[in-house]
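Visitor: Line by line, the protein sequences are chains Y and A. Numbered by our numbering, the letters in the first sequence go through residues 11 to 236 in order. Numbered by our numbering, the letters in the second sequence go through residues 2 to 342 in order.
What the hints contain is simulated information worked out from the structure, not anything from laboratory work. Just so you know, not all the hints are guaranteed correct.
[To be verified] Here are the computed lysine-lysine pairs in the BS3-like style, where the Cα-Cα straight-line distance is at most 25 Å:
{"id": "1", "chain 1": "Y", "residue 1": "Lys-232", "chain 2": "Y", "residue 2": "Lys-150"}
{"id": "2", "chain 1": "A", "residue 1": "Lys-83", "chain 2": "A", "residue 2": "Lys-62"}
{"id": "3", "chain 1": "A", "residue 1": "Lys-83", "chain 2": "A", "residue 2": "Lys-190"}
{"id": "4", "chain 1": "A", "residue 1": "Lys-182", "chain 2": "A", "residue 2": "Lys-31"}
{"id": "5", "chain 1": "A", "residue 1": "Lys-190", "chain 2": "A", "residue 2": "Lys-31"}
{"id": "6", "chain 1": "Y", "residue 1": "Lys-233", "chain 2": "Y", "residue 2": "Lys-160"}
{"id": "7", "chain 1": "Y", "residue 1": "Lys-160", "chain 2": "A", "residue 2": "Lys-83"}
{"id": "8", "chain 1": "A", "residue 1": "Lys-31", "chain 2": "A", "residue 2": "Lys-62"}
{"id": "9", "chain 1": "A", "residue 1": "Lys-18", "chain 2": "Y", "residue 2": "Lys-63"}
{"id": "10", "chain 1": "Y", "residue 1": "Lys-160", "chain 2": "A", "residue 2": "Lys-119"}
{"id": "11", "chain 1": "A", "residue 1": "Lys-83", "chain 2": "Y", "residue 2": "Lys-150"}
{"id": "12", "chain 1": "Y", "residue 1": "Lys-160", "chain 2": "A", "residue 2": "Lys-121"}
{"id": "13", "chain 1": "A", "residue 1": "Lys-190", "chain 2": "A", "residue 2": "Lys-119"}
{"id": "14", "chain 1": "A", "residue 1": "Lys-17", "chain 2": "Y", "residue 2": "Lys-63"}
{"id": "15", "chain 1": "Y", "residue 1": "Lys-150", "chain 2": "A", "residue 2": "Lys-182"}
{"id": "16", "chain 1": "Y", "residue 1": "Lys-150", "chain 2": "Y", "residue 2": "Lys-63"}
{"id": "17", "chain 1": "A", "residue 1": "Lys-219", "chain 2": "A", "residue 2": "Lys-182"}
Here the structure is a predicted model, which is why all the values come from computation and not from measurement.
So the chains spell out like this:
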Amino acid sequence: MPEFLQNIIPNVLKKLPALWEATLETLEMTGISALFILVLGMALGILLTVTRKGGLMENTAVYRVLDVIINLLRSVPFIILLFLLIPLTRIICGTSIGVVGSIFPLIVGTVPFFSRQAEAALAGVDPGLIEAAQSMGCSKPGIIFRVYLKESVPALSRGITITLINLVGLTAMAGAVGAGGLGNFAYVQGVQRNCYDIICAAVVVLVIIVQIIQIIGNIIAKKSER
Amino acid sequence: MIRLEHITKTYVNAGKKFNAADDVSLEIEKGEIFGIIGFSGAGKSTLVRCINLLERPDSGKVLIGGRDITSLHGAELRRQRKKIGMIFQHFNLFASRTVLQNVIFPIRYSGLSRQQLKEKAMNLLELVGIADKAGAYPSELSGGQKQRAAIARALASDPEILLCDEATSALDPQTTESILKLLRSLNAKLGLTIVLITHQMNVVKSICTRTAVMENGKIVELGDVFGIFANPQQPVTRSFVDTTSCLSGINDLIEEESPVVQLNPGQRILRFRYLEKSACEALVSSISRRFSIDLNIVFGSIEIIGDHPIGGLVVIADGNEADIDAAVEYLRSINVGVEVI
Ligand SMILES: Nc1ncnc2c1ncn2[C@@H]1O[C@H](COP(=O)(O)OP(=O)(O)O)[C@@H](O)[C@H]1O
Ligand SMILES: [Mg+2]
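With the sequences and hints as input, model every part of the structure.
Guide: And the structure:
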């Protein structure tokens with residue numbers, strides 16, 4: 011068996027510790043930026059929902075401004091955004107390379123996407139429920155947390171799943187242009203040294219990470235669905 | 002208890018102004034079951050939503066127990082709303098919460114302990130007859146059970162008023178009847194003032210004490226239910242009254258040219274509206290004797306509205322013209338509504 015592996019993935023076996031390290035870096039980048047993305051994106055999603063026409067705190071000016079900014083950011087390809095943000099990233103993270111340097115662009119690149127996912131999930135809450143809560147004398151924060159968020163858990167968990175999967179993909183892209191992680195590993199050890207089995211190994215690990223996220227997301231969505 | 006003064010609400014739809022409520026004034030007494038009936042789009046929901054200020058009227062005042070609530074905002078308004086329960090056509094239960102949690106929702110932060118909350122909610126579920134469903138989710142309930150859960154939730158903060166916006170419109174006739182029965186018993190037991198909006202005349206007929214008829218944002222007729230049925234004034238009101246009476250069936254028969262209504266020379270169809278029951282039977286024999294005409298009954302109905310029997314007949318009268326005219330004249334003179342069809 012080891013001989014067989016030696017024949018098909020010789021380079022991977024030599025680089026196993028590096029592969030492990032790259033995997034941890036990917037998880038680290040995903041985890042840290044996800045924390046910010048979920049909080050900021052959720053806040054924006056809520057803001058979009060309540061300020062839109064007919065919303066709980068209708069405010070057309072705020073809604074329009076947010077709407078335009080989000081659309082603008084979403085239309086910039088991530089790879090360009092990475093370059094575009096280099097000066098700002100240096101100021102905020104202290105560096106524009108490595109795991110630390112990738113966090114800020116990952117956040118900027120994914121928050122707009124997730125805020126739309128959150129907005130869509132909240133829009134799926136029956137307006138009748140909002141009206142019922144209002145008729146019971148429920149406050150606005152009460153309606154946001156006890157009705158909007160609680161009732162949209164299944165849709166939100168699906169939105170979060172898609173966002174995290176996207177995010178894993180973006181960490182790999184960031185990795186290829188200077189951040190760490192599996193993208194960097196595949197590019198430096200695989201592409202540049204012409205070791206095809208390294209590239210394949212990176213793909214396998216990424217697929218496994220994505221599958222785990224998907225499975226957990228599905229379980230949560232299913233459990234919360236009524 | 003509830004007093005609406007010159008309520009006006011205007012919507013702008015596609016640049017056009019539209020009065021959903023047009024200078025409506027109304028007074029609803031404590032302990033009443035007050036109906037507001039009208040066709041879809043008449044402005045009933047708009048009007049009832051003004052009572053708890055879910056909709057703020059453009060002008061006019063809403064007084065609850067003598068207090069002008071149109072001036073209330075924020076926390077004060079929310080406190081007032083807790084005193085006005087509301088139920089809806091589509092129940093609007095929180096799908097992610099059990100029935101018990103739904104009932105607890107409005108009083109969750111009212112200062113009661115967990116134990117007290119649960120006790121109170123269970124009592125309410127007992128009251129509406131679905132205590133055994135406390136742990137179920139709304140998706141596991143039938144329509145009638147959902148509306149019962151919604152009623153329990155609306156009663157959680159001990160309101161004095163219950164607003165019902167088409168609360169039975171999504172239910173089948175039997176379930177509607179059982180929900181109306183429940184509302185009637187809540188009205189009696191708790192002294193709850195109920196404002197009930199509907200487009201179904203039989204709902205008004207079976208539980209309301211007084212009713213207003215709405216059309217184009219205005220109240221066009223208002224009175225006790227018996228009076229509205231016995232003597233509808235407006236065309237809309239008449240069309241609603243007709244929907245619950247088989248006496249309008251004669252029009253369909255005539256349209257279909259049914260053999261039942263093929264008249265021989267000298268025959269005429271008469272419709273007697275809303276006679277007192279006692280008079281009803283005696284009348285037929287007494288006029289046929291008195292005016293020597295034959296009366297052949299095609300339809301007849303007697304129902305009980307607000308404790309009074311009320312009914313009508315459709316008959317084919319056979320006799321000479323002058324005698325029939327004299328009979329009609331006589332009937333009108335004793336306050337029986339007669340139409341010659
Ligand atoms: N938020 C709104 N914006 C614009 N038009 C509305 C709004 N709510 C109700 N309307 C209009 O007001 C009229 C009355 O509506 P409603 O009070 O719901 O009638 P009903 O309950 O008697 O069917 C309808 O023509 C409806 O289209
Ligand atoms: Mg309505």
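Visitor: Each hint should be assessed against the structure and marked as holding or not.
Guide: Now for the hints, and whether the structure bears them out:
1. Between Lys-232 of chain Y and Lys-150 of chain Y the alpha-carbon distance is near 28 Å, which puts this suggested pair outside the 25 Å criterion.
2. Simply put, Lys-83 of chain A and Lys-62 of chain A have alpha-carbon atoms about 19 Å apart, close enough for the 25 Å limit, and the pair holds.
3. Of the supplied pair hints, the one linking Lys-83 of chain A and Lys-190 of chain A holds, its CA atoms being roughly 20 Å apart against a limit of 25 Å.
4. For the proposed pair Lys-182 of chain A and Lys-31 of chain A, the alpha carbon gap of about 19 Å is at most 25 Å, so the pair holds.
5. For the suggested pair Lys-190 of chain A and Lys-31 of chain A, the alpha carbons sit about 14 Å apart, so the restraint of at most 25 Å is met.
6. The hinted pair formed by Lys-233 of chain Y and Lys-160 of chain Y meets the criterion: a straight-line CA distance of about 13 Å does not exceed 25 Å.
7. About 22 Å separates the Cα atoms of Lys-160 of chain Y and Lys-83 of chain A, which keeps this hinted pair within 25 Å; it holds.
8. The straight-line distance between the Cα atoms of Lys-31 of chain A and Lys-62 of chain A is roughly 18 Å, inside the 25 Å bound, and the hint therefore holds.
9. Restraint check: the Cα-Cα separation between Lys-18 of chain A and Lys-63 of chain Y comes to about 19 Å, which is no more than 25 Å; the hinted pair holds.
10. A C-alpha spacing of about 20 Å is found between Lys-160 of chain Y and Lys-119 of chain A, which places the hinted pair at or below 25 Å, so the restraint holds.
11. Among the hinted pairs, Lys-83 of chain A with Lys-150 of chain Y is consistent with the structure: their alpha-carbon atoms are about 15 Å apart, no more than 25 Å.
12. For the hint linking Lys-160 of chain Y to Lys-121 of chain A, the alpha-carbon distance of about 23 Å falls within 25 Å, and the restraint holds.
13. Between Lys-190 of chain A and Lys-119 of chain A the alpha-carbon distance is near 22 Å, which keeps this suggested pair within the 25 Å criterion.
14. Proposed proximity of Lys-17 of chain A and Lys-63 of chain Y is supported: the alpha carbons are some 18 Å apart, at most 25 Å.
15. Between Lys-150 of chain Y and Lys-182 of chain A the alpha-carbon distance is near 35 Å, which puts this suggested pair outside the 25 Å criterion.
16. Of the supplied pair hints, the one linking Lys-150 of chain Y and Lys-63 of chain Y holds, its CA atoms being roughly 16 Å apart against a limit of 25 Å.
17. About 29 Å separates the Cα atoms of Lys-219 of chain A and Lys-182 of chain A, which puts this hinted pair outside 25 Å; it is violated.
In this structure, the hints that do not hold are numbers 1, 15 and 17, in rising order.
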